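J.: Protein chains in written order, with this note's numbering: chain A, 1 to 218; chain B, 1 to 112.
Treat the hints as calculated values from the structure; they're not laboratory data.
Keep in mind it's a predicted model, so treat the numbers as computed, not measured.
Treat the hints with care, as some may be off.
[What the hints assert, rightly or not] Okay, derived cross-link-like pairs now, SDA-like style, lysine to any residue, Cα gap no bigger than 20 Å in a straight line:
{"id": "1", "chain 1": "B", "residue 1": "K60", "chain 2": "B", "residue 2": "K33"}
{"id": "2", "chain 1": "A", "residue 1": "K10", "chain 2": "B", "residue 2": "A48"}
{"id": "3", "chain 1": "B", "residue 1": "K33", "chain 2": "A", "residue 2": "H50"}
{"id": "4", "chain 1": "A", "residue 1": "K11", "chain 2": "A", "residue 2": "R58"}
{"id": "5", "chain 1": "B", "residue 1": "K33", "chain 2": "A", "residue 2": "C39"}
{"id": "6", "chain 1": "B", "residue 1": "K60", "chain 2": "B", "residue 2": "Q80"}
Each chain, letter by letter, is given below.
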Amino acid sequence: MPNWQQVVRKKFGVLGICSPEFAEELAAHLEDRYEALRCEGLSAEVAFQHTMGQIEGRRRVWLVIRFLQEELMSGFITKIALPGLLTYAAACVFYRALALNCIQPRVIWLLGGQLPLWWWCLLPICGTLGAVLSQRKGRSRRQRMAAVLFPSAILGTSVLMIFVVGFTISGFVNHYQLVFARLESLGIEPPGFGLIPAAFSLLGAGIAEIGTKKSRLA
Amino acid sequence: MASVNAQIKRGSAELAVLTLLAEHPLHGYEIAKQIEEQTGGVLRFDMASLYPMLHRLERKSWVNAQWQILPNGRRRRCYQLTASGRKQIAPLRAQWRAFFRALQSVTGFQNA
Numbered sequence: 001m002p003n004w005q006q007v008v009r010k011k012f013g014v015l016g017i018c019s020p021e022f023a024e025e026l027a028a029h030l031e032d033r034y035e036a037l038r039c040e041g042l043s044a045e046v047a048f049q050h051t052m053g054q055i056e057g058r059r060r061v062w063l064v065i066r067f068l069q070e071e072l073m074s075g076f077i078t079k080i081a082l083p084g085l086l087t088y089a090a091a092c093v094f095y096r097a098l099a100l101n102c103i104q105p106r107v108i109w110l111l112g113g114q115l116p117l118w119w120w121c122l123l124p125i126c127g128t129l130g131a132v133l134s135q136r137k138g139r140s141r142r143q144r145m146a147a148v149l150f151p152s153a154i155l156g157t158s159v160l161m162i163f164v165v166g167f168t169i170s171g172f173v174n175h176y177q178l179v180f181a182r183l184e185s186l187g188i189e190p191p192g193f194g195l196i197p198a199a200f201s202l203l204g205a206g207i208a209e210i211g212t213k214k215s216r217l218a
Numbered sequence: 001m002a003s004v005n006a007q008i009k010r011g012s013a014e015l016a017v018l019t020l021l022a023e024h025p026l027h028g029y030e031i032a033k034q035i036e037e038q039t040g041g042v043l044r045f046d047m048a049s050l051y052p053m054l055h056r057l058e059r060k061s062w063v064n065a066q067w068q069i070l071p072n073g074r075r076r077r078c079y080q081l082t083a084s085g086r087k088q089i090a091p092l093r094a095q096w097r098a099f100f101r102a103l104q105s106v107t108g109f110q111n112a
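So that you can see chain B by itself, here it is in the shape it has in the complex (with noise of 0.2 Å):
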């Protein structure tokens, strides 16, 4: 599978994580394992790009963090969509469907 341009992964790092988080909160490695068998592979975050990520889109108070206990006993940070998150996700995706629209009338590329 190709892989992606690191500038096209980071605008769309955002979009992924918050979509992922509008369906229940996840920790940091659920979020990159969530990302990376979704996509089979072509997106995949290291800790460089998610952690940075994280933690700003928790000081844009788009996500909160919150330490828990997992039924296995260990101490995990899962983050949290907020009100405030949840209202960024259709902007966000109208942003990347009028991307891929221009790129689509530039290039003759059709959706599979």
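The following block holds chain A by itself, in its conformation from the complex (with noise of 0.2 Å):
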């Protein structure tokens, strides 16, 4: 009898979709399939190729996206989008409301001022906050990636598209003052927008941390 724990470990576990349980019921619900299949009167070579059969290419790739699909998508407003959006938008508030009391973060330029991709970098760290928080509610580790990342998907994606239309207009000489300059119209000022909306977020991350931990030693 094949080993089918560590058929389904093997073929899942880099993926990192397989909690030990889920692979123990994958592997049980294959166990019976083979069992069937042996019982029909197939040799145990070709039982075996058909059940392998169940978690090889295309329906490998299917089960996987099924997974997350139904993992991420089930309440992504409340679990996902709504985390990431409110801390980021609490940050933002946070930053304005030191830009009007004349407390301007310090600006740091990794890339000559050029690209502001560390600015991009730090955008994940605003929706921590949220995320961890969701933590709480027993949200898995994956929704959580999922709503840290969700701000930045959205602002990346139009600070790309801006790129993008700013490179379309003015070609490869001058589109980069174009892009900041498209930026700043938008109220987005790159080098400070993204470390003080970080740090908030990392504080509250840490402080909610502190308090699940609290509360599971409780």
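Build the complex: two chains, separate frames, hints provided.
T.: Here it is in structure tokens:
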């Protein structure tokens, strides 16, 4: 009898969709299928090939997609979009409040000020607070990650679109300047905008994480 | 036997599973097998359709799952209908009945 748990772990373990419990459940299904085929008179080798067909090729891909889809899309608005966007909005308001009080965040230029890629890198952190808070309601790590990435995905796409439009309009020479002009016209000032929201989110995430640990200890 | 469009199959899957579980608790393989047998192979759920759906029903608290040791000594995750799940069967049946009635009035299709 093949070791189905090992087979499942080998097929899905790397992809990270398989909790030990889910792996055992899939393995049990394969084991039952294999035995049924054997009872129908198939040889061990043929029965094994038939059973493996359930988790190979497009069926394997489909299983992974369906599982992720179910997990991420269940309550997408409340579990992912809202925590991510609300946290980001709160961080932006906080930054604006600081700017109004003339407390300008320090500017760090990592790429000579031409491409604020580091700012994009900071954006995912802005969703952390909502994501960590969502953990307390039993949400999975993948859902927290999606919540973290959601606002940056939207903003990243927007900025990318501005880049593409700017590039199309102005060509190779001055599209960076055009992009910056567009960003500023939208009220987005890349260098400072990223740092304060990120710090704010991290602080919130830290508080939420400590709260979670304390409640677990209690 | 004609195969059924994936969209229709997906929509009907919850009703089929809940109805089966209303009779007695079953584990995943048994659910798939019984649905296939009872529908003469028209409805066939592979692992990619079955387990994400069972886990979704579990999240909705329509079913609960528990590991049980079967008489042959094997551990299986058995799904059992909850009170909340039982309440869903009648509205789902009503929806499907309304759907078939509507389809019938348009296509002139009659039940066998």
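J.: So, for every hint listed, does it hold in this structure?
T.: Verification of the hints:
1. K60(B) <-> K33(B): The given pair, whose Cα atoms are some 24 Å apart, is violated under the 20 Å limit.
2. K10(A) <-> A48(B): Answer holds: K10(A) to A48(B) is near 17 Å, not above 20 Å.
3. K33(B) <-> H50(A): holds (16 Å)
4. K11(A) <-> R58(A): At roughly 13 Å apart (the allowed maximum being 20 Å), R58(A) and K11(A) satisfy the hint.
5. K33(B) <-> C39(A): holds (14 Å)
6. K60(B) <-> Q80(B): Measuring from Cα to Cα gives roughly 13 Å; hence the hint holds.
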